[in-house]
Every structure is written in structure tokens, then in C-alpha cells.
Amino acid sequence: DGGITQSPKYLFRKEGQNVTLSCEQNLNHDAMYWYRQDPGQGLRLIYYSQIVNDFQKGDIAEGYSVSREKKESFPLTVTSAQKNPTAFYLCASSPWGGQDTEAFFGQGTRLTVV
Amino acid sequence: AQSVTQLGSHVSVSEGALVLLRCNYSSSVPPYLFWYVQYPNQGLQLLLKYTTGATLVKGINGFEAEFKKSETSFHLTKPSAHMSDAAEYFCAVSERVAGNTPLVFGKGTRLSVIA
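As you go down the protein sequences, you meet chains F and Z in turn.
Going by our numbering, the letters in the first sequence line up with residues 1 to 114, in that order.
Going by our numbering, the letters in the second sequence line up with residues 115 to 229, in that order.
Next up, chain Z with everything else stripped away, as it sits in the complex:
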């Protein structure tokens, strides 16, 4: 069974500093990979995804993530944090099979941005 590990349940950065949120997956075949963001009492919004091709993926709001097969990782970064980035972030995976398999989520990382 697939699993996702997000290192750090809470990350705090200063405004303007680098944001790095870590995600590792366990799967014998590299899955589809996703990052979602959730603001309080709201649903999840897709930030970016990796399916195939270029391993550095750019998403919305200045975020990007790099798929590293050798490290089974898909870390999320943003060069300069903004106050509006404060939210919870979820890494998720989906198997590369025909049809649909449900997303498997990590436990989330809450990002705080300090002025």
C-alpha cells in the first residue's frame, strides 16, 4: 500500500524567507504526486501536480516542487514567503493504474508566516 510522509506537522518562517515543506512517498512504482493547500474551514485547492515529464513542476502562487525518484521525494518550495501563504499543506499520491484510485494523503504541514 502506498503511504505519504510529511516531515514536520508545523513549519514557521519569516515573511520573505524560503518555504520548504517536505514530502516522501513509499511506492514501488513512482505514483502521480500532488500538493494541495487548505485555508481554515475550507476545502482543498490544488497547488501543483507531477504526472510525467519535467521533474520540476511549477504551480500557483509561486510554489514549485521537484520530483526526485532516487529519494522518493516531492518537496514543495517557495523562494519568498508571504503572509497569505499561511495555511495547511497536504502532499498526496495516486497510483499509476488504469481508471481511478483515490488519493492517499499525508498528515499535513501547517505553515505559519511571521511578519
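One chain only, chain F, in its complex shape:
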């Protein structure tokens, strides 16, 4: 089945640790995105990538890093510089341009700092 796979579903991080959230898609989409979701704040864009080996910062990139070495993979690292990382993280992908620009979402990773 085609889709987006995020892992793990739940992740616990100690203060001062870096953690990496995985996102893989087999939809052959060019663009991939990371959003952060907090209660009552909707989805806020962290990073996005329109093509392999290139990515752009979103609205809340501080404390996060990404890589795009393969078309199907877009991992997100939450660094120790992120002061309040507890949130629900959603990965998405979409085709390049045209009318079909809706994004397809993974099932999310819930990160908790302990």
C-alpha cells in the first residue's frame, strides 16, 4: 500500500538528548514536510523539502534539523536546543506543482520529554 510511515508512534526523550523522528513515503512525491501540532495551535511548519538534497526552514525551525538524502526519506532531528519539544509531530508529502497539491499525512509521532 502506498503511504507515509512515521516511526516511532511514541517517543520519550530525556532533557539534553537529541532524538530523530523517521518519515518514509512510497508515493513517489517530490515534496516533504514536517509540522508540529500543539493543542489549540493548529499545525505549524518546521521544515520542508521540495527536492532531494535541498530543504527550507519553516516558521518554527529553531532547535530542529532535517536531511533529504533520498526522495523517499525526510528524517527530523529534535535537538537539545529545542526548549519545549513535547508535541505531536506530523510528516507529510505532496506531488510537485499542478492542481493536485494536497498533502498526504503520516500517522504522527508523539514526543514527550521526561
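Since the hints were made in silico from the structure, they are not lab data.
For clarity, every value in this text was computed on a predicted model and none was experimentally measured.
One thing to keep in mind: the hints can contain errors.
Unchecked claim - Within a straight-line C-alpha distance of at most 30 angstroms, the following computed DSBU-like cross-link-like pairs (lysine-lysine) qualify:
no., chain 1, residue 1, chain 2, residue 2
1, Z, Lys183, Z, Lys163
2, F, Lys71, Z, Lys163
3, Z, Lys172, Z, Lys183
4, Z, Lys221, Z, Lys183
5, F, Lys57, F, Lys83
6, F, Lys83, Z, Lys221
7, Z, Lys221, Z, Lys172
8, Z, Lys163, F, Lys9
9, Z, Lys221, Z, Lys163
10, F, Lys83, F, Lys9
11, F, Lys83, F, Lys14
12, F, Lys9, F, Lys57
13, Z, Lys182, Z, Lys163
14, F, Lys14, F, Lys57
15, F, Lys57, Z, Lys163
16, F, Lys9, F, Lys71
17, F, Lys57, Z, Lys221
18, F, Lys9, Z, Lys221
19, Z, Lys182, Z, Lys221
20, F, Lys14, Z, Lys221
21, F, Lys57, F, Lys71
Given chain F, work out where chain Z should sit, using these hints.
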């Protein structure tokens, strides 16, 4: 910069009643418009989208939305609410430019359905 306003963070309706979730956007050029639904601890699922053509758009699960350029609105409706419609709903916009621009989301509206 584009923005999306969803009026009402929480809407409660009785089963069988009309559902109306409001969405207004700010953009000098009408964007692409989307409605997504999210069930607890899950990702987002596309309900419907407006890109061009007919301004009344029908989606899944009996939902529809109407694009009104003069009001910069894209309100979501369903004639008769079902218990399974209880979820969070997000309105989103995307610029009409070449390539891809990320979706910009509203803050969401949580829909409760009362038996």
C-alpha cells in the same frame, strides 16, 4: 503572508443537525483551499479541496464546502451530523504558484456530536 482563520475552536451539534464550520483566508490572490479531518492521535485526512471550477465542492463522508471569493471564505457544511463526525477539522490554504508551497493551516475546530 497567507493566513487562515477558523471561527470557533469548539463547535457542538446534536446528532442529525446541520454542521457548519467556518473558515476565512487572507490572500490577495485566491489560494487553493482544503479541509482536513483528524481523529485523536492520528494523522490528517483530506475531506475536500477547491482548486478551480465549480465553487461548491463535495467531499467524503457527506461534507461539502463553498468557495466565496467576495467573502474570502470556504465554510464546511454537512446537512446531518453523525456521531462518527466527532473529530478536529482543519482548514488550509496553499498559494497558486509554480512548484509547491507548504500548506498554511488554521488552528482547527473541534466538533462534538451530542446524541
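Where does the structure disagree with the numbered hints, that is, which hint numbers, in rising order?
Violated: none.
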